[in-house]
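Asks: Okay, here's what each chain looks like letter by letter:
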Amino acid sequence: NAGVTQTPKFRVLKTGQSMTLLCAQDMNHEYMYWYRQDPGMGLRLIHYSVGEGTTAKGEVPDGYNVSRLKKQNFLLGLESAAPSQTSVYFCASSPGGSSYNEQFFGPGTRLTVL
Amino acid sequence: GENVEQHPSTLSVQEGDSAVIKCTYSDSASNYFPWYKQELGKRPQLIIDIRSNVGEKKDQRIAVTLNKTAKHFSLHITETQPEDSAVYFCAASEIEGSARQLTFGSGTQLTVLP
Numbered sequence: 528n529a530g531v532t533q534t535p536k537f538r539v540l541k542t543g544q545s546m547t548l549l550c551a552q553d554m555n556h557e558y559m560y561w562y563r564q565d566p567g568m569g570l571r572l573i574h575y576s577v578g579e580g581t582t583a584k585g586e587v588p589d590g591y592n593v594s595r596l597k598k599q600n601f602l603l604g605l606e607s608a609a610p611s612q613t614s615v616y617f618c619a620s621s622p623g624g625s626s627y628n629e630q631f632f633g634p635g636t637r638l639t640v641l
Numbered sequence: 005g006e007n008v009e010q011h012p013s014t015l016s017v018q019e020g021d022s023a024v025i026k027c028t029y030s031d032s033a034s035n036y037f038p039w040y041k042q043e044l045g046k047r048p049q050l051i052i053d054i055r056s057n058v059g060e061k062k063d064q065r066i067a068v069t070l071n072k073t074a075k076h077f078s079l080h081i082t083e084t085q086p087e088d089s090a091v092y093f094c095a096a097s098e099i100e101g102s103a104r105q106l107t108f109g110s111g112t113q114l115t116v117l118p
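Chains as they are written, first to last, in the numbering used here: chain A, 528 to 641; chain B, 5 to 118.
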């Protein structure tokens, strides 16, 4: 099993450009999450999904959109990138159901917005 | 919403000594407290977790204690080794919550000096 994978690993954008980050998991997990990680600020939740076709806002959702059309994929979109969105983005998934909330993380995407 | 504070932000110890990282949380409904380790350039990985029905849990050189009354929990690493050098994050979650969101602390950079 590949676990949680993210595409791309690195990206450089100019202000105003758009892009989509792809997260895929092969563990049949119900829940999926997008975080951003900035120095000294830990991991902050952007958006999450509790199942196929559902999405919800997290702590820092502004400037991002998400979609979960298939259970195994969770997409994070930036419609008009800003320098403040320069960060490392992590996707995570967890089983849901009656199990505890261990989250499994992807390898991350380092995004720079110029 | 939940707020998790983590101290210290940096910690240096001599190899073989113990390290203690402390976190406090604000939401009394939180009942699941994981700890993640993140090595440089890598993804966060769960190292130990504790649920609110126990006060302490051990796994070899790692232990976590929980004081629900005071709303704080701590990570204890004994006999530290150079490979323990990493950033450690605490988190809190309400297991029965609809999304089981994790709220993370800001992280502790642990350096084990040889």
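There may be inaccurate statements among the hints.
Mimicking DSS-like on lysine-lysine, the simulated pairs with C-alpha atoms at most 30 Å apart in a straight line are [what the hints assert, rightly or not]:
#1 A/LYS597 to A/LYS584
#2 B/LYS75 to A/LYS584
#3 A/LYS541 to B/LYS75
#4 B/LYS61 to B/LYS72
#5 A/LYS597 to A/LYS536
#6 A/LYS597 to B/LYS46
None of these hints come from the bench; they were simulated from the model. In this text the structure is predicted, and so the values were computed from the model without any measurement.
Asks: It remains to establish, for every hint, whether it holds in the given structure.
Replies: Verification of the hints:
1. A/LYS597 to A/LYS584: holds, 18 Å
2. B/LYS75 to A/LYS584: Holds: B/LYS75 and A/LYS584 sit about 26 Å apart, inside 30 Å.
3. A/LYS541 to B/LYS75: violated, 44 Å
4. B/LYS61 to B/LYS72: holds, 14 Å
5. A/LYS597 to A/LYS536: holds, 21 Å
6. A/LYS597 to B/LYS46: holds, 27 Å
Taken one by one, the earlier hints fail for this structure only at number 3.
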